[in-house]
Amino acid sequence: MESVAQRAERLTAKRARALPALAVIYFAQQASFFTAYTQPHASTDIAHFKIGAWVFLSIAMLVALVTKGFWFAPREVRDLANDETSRANRSTAMSAAYLVSTAAAIVLYVTQALAPLTVLEAIHIIVSSGLGVGLLIFGMLERKAMRG
Amino acid sequence: MAERLANRLKERRTELGLTQAELAERVGVTRKTVNTVENGIFTPSATLAIKLSQALGLNVEQLFWIER
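As given, the protein sequences belong to chains H and G, one line each in that order.
Under this note's numbering, the letters of the first sequence match residues 871 to 1018, in that order.
Under this note's numbering, the letters of the second sequence match residues 4 to 71, in that order.
Keep in mind the hints are simulated off the structure, nothing from the lab.
Please read these numbers as outputs of a predicted model, since none were measured by experiment.
From the three backbone atoms N, C-alpha and C, an ideal C-beta is built for every residue, glycine too.
Be careful, since some hints might not be right.
To be verified - The following label-pair restraints were derived from C-beta to C-beta distances:
| hint | chain 1 | residue 1 | chain 2 | residue 2 | range |
| --- | --- | --- | --- | --- | --- |
| 1 | G | T22 | H | A901 | 39 to 47 Å |
| 2 | G | T46 | H | A891 | 42 to 50 Å |
| 3 | G | G60 | H | W941 | 37 to 45 Å |
| 4 | H | K1014 | G | T17 | 49 to 57 Å |
| 5 | H | P986 | G | N42 | 44 to 52 Å |
| 6 | H | A901 | G | N42 | 54 to 62 Å |
| 7 | G | E6 | H | S902 | 28 to 36 Å |
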């Protein structure tokens, strides 16, 4: 039978593999969103569906980044899977996410005279860039830590 | 001048015939944390440093030191 340590080890390895992949999927979704985005505030079913999908995915990514995760695992496994290194890696990733979001906001503020954006578009870019980078960095740090 | 926390974790662990996973289980962390501390990637908290030194039968100063 799998011990608590073995289970925590297996789950953290799985998380380290999944997070960069999730970040890539998230960025790909943003690329797809903006490639097909032609009419700001278009009130069509497709636009609503896309915005709904983005909101759902963003909340899922945010939860993956800021919580311990592994909700169906016992508490001791969750605590072990989020030991000192994971907490430090998460903290580094969240700092990076904050910096990237702030930088994105500044860039949008400066360039808005050249390329005007709606509030929704600006929020979309700021949130997506921060969350995506945060997830990517957390995943990369976790993978680096796993390497022997 | 740059300072870093050096350690003889790997050397001592090997002397005692422990794997990273076994040492990790003794101190209540994952193998990943032991691995990052051994490789100098992660600086452990004082609590973890004490737990590691106790598990390896050394004083903290024998296990960790500052390299300049």
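Right, here's what the structure says about each hint:
1. T22/G / A901/H: 39 to 47 Å: holds (43 Å)
2. T46/G / A891/H: 42 to 50 Å: With Cβ atoms ~29 Å apart, the hint is violated.
3. G60/G / W941/H: 37 to 45 Å: holds (38 Å)
4. K1014/H / T17/G: 49 to 57 Å: violated (23 Å)
5. P986/H / N42/G: 44 to 52 Å: holds (49 Å)
6. A901/H / N42/G: 54 to 62 Å: Because 36 Å falls outside the window, the suggested range is violated.
7. E6/G / S902/H: 28 to 36 Å: At roughly 47 Å between Cβ atoms, S902/H and E6/G fall outside 28 to 36 Å, so the hint is violated.
When each numbered hint is compared with the structure, violations occur for hints 2, 4, 6 and 7.
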